[in-house]
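Trainee: Read off the chains here:
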Amino acid sequence: DGGITQSPKYLFRKEGQNVTLSCEQNLNHDAMYWYRQDPGQGLRLIYYSQIVNDFQKGDIAEGYSVSREKKESFPLTVTSAQKNPTAFYLCATAPSGRREAFFGQGTRLTVV
Amino acid sequence: SQQGEEDPQALSIQEGENATMNCSYKTSINNLQWYRQNSGRGLVHLILIRSNEREKHSGRLRVTLDTSKKSSSLLITASRAADTASYFCATEAGANSKLTFGKGITLSVRP
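Those protein sequence lines, which keep their order, are chains A and B. For the first sequence, the working numbering gives the first residue as 1089, with consecutive numbering after it. For the second sequence, the working numbering gives the first residue as 194, with consecutive numbering after it.
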């Protein structure tokens, strides 16, 4: 919200398929984050990036991949290696200087 | 692993009462933040307290930080039904500003 666009809002994937979730921001923020939210699990960090062409694994990176070719964009690919991908995925951005994060409205991914 | 752990997991109070939520964390931090989430939506930032601060206020919110105990508390005074939501603490740590969240607290405020 407020300059962060996640698309699509709902996504259905067949087992064995890769799927890419989009996160675009026009806030000129340096940092971008991807989280996964499951019921009762809170938010778990998948990947994060502080600058273009650089990113770090979070706590649950296995089965996911990201790229940061542009400051505005941080797409997340959920690969077939992710055994339980059904979840609510949240993208966040933050300005440099250790400030608060801003969140998109999320993408709900369901494996069918 | 999740850095922050909130307590209690769920809290139900009457409108007008105060709500106190606690968060404990494991490693040294740059800052600690509290967020709110309404069902099915993204998170909204409430307040940030830096590691060298002990207390901060914002409207009806008061947050404290005790780095020696690695704990924080969020107090919402004079609660309203509209405060019903999930609340998360998050810690930012390290040179790369890794931001990790706890499991959250579900707050219900009864009218």
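Some clues are possibly wrong.
Claimed, not checked - Cross-link-like lysine to aspartate or glutamate pairs, in silico, DMTMM-like; alpha carbons within 25 angstroms at most:
#, chain 1, residue 1, chain 2, residue 2
1, B, Lys291, A, Glu1150
2, B, Lys262, A, Asp1118
3, B, Lys291, A, Glu1188
4, B, Lys291, A, Glu1103
5, B, Lys296, A, Asp1147
6, A, Lys1145, B, Glu248
7, B, Lys296, A, Glu1157
8, B, Lys296, A, Glu1150
9, B, Lys291, A, Asp1147
10, B, Lys249, A, Asp1126
11, B, Lys263, A, Glu1112
12, B, Lys296, A, Glu1160
13, B, Lys263, A, Asp1118
As the list claims (entries may be wrong) - Beta-carbon label-pair distances, calculated as ranges:
#, chain 1, residue 1, chain 2, residue 2, range
14, B, Ser217, A, Thr1198, 46 to 52 angstroms
15, B, Asn289, A, Ser1095, 24 to 30 angstroms
16, B, Asn223, A, Asn1116, 20 to 26 angstroms
In short, the hints are calculated from the structure, not lab data. Even glycine gets a Cβ: it sits at the ideal position worked out from N, Cα and C.
Trainee: Decide, hint by hint, whether the structure agrees.
Mentor: Taking the hints in turn, this is what the structure says about them:
no. : hint                                         : verdict
1   : Lys291(B) <-> Glu1150(A)                     : 17 angstroms, holds
2   : Lys262(B) <-> Asp1118(A)                     : 32 angstroms, violated
3   : Lys291(B) <-> Glu1188(A)                     : 12 angstroms, holds
4   : Lys291(B) <-> Glu1103(A)                     : 31 angstroms, violated
5   : Lys296(B) <-> Asp1147(A)                     : 14 angstroms, holds
6   : Lys1145(A) <-> Glu248(B)                     : 32 angstroms, violated
7   : Lys296(B) <-> Glu1157(A)                     : 31 angstroms, violated
8   : Lys296(B) <-> Glu1150(A)                     : 20 angstroms, holds
9   : Lys291(B) <-> Asp1147(A)                     : 10 angstroms, holds
10  : Lys249(B) <-> Asp1126(A)                     : 31 angstroms, violated
11  : Lys263(B) <-> Glu1112(A)                     : 35 angstroms, violated
12  : Lys296(B) <-> Glu1160(A)                     : 29 angstroms, violated
13  : Lys263(B) <-> Asp1118(A)                     : 28 angstroms, violated
14  : Ser217(B) <-> Thr1198(A): 46 to 52 angstroms : 34 angstroms, violated
15  : Asn289(B) <-> Ser1095(A): 24 to 30 angstroms : 27 angstroms, holds
16  : Asn223(B) <-> Asn1116(A): 20 to 26 angstroms : 21 angstroms, holds
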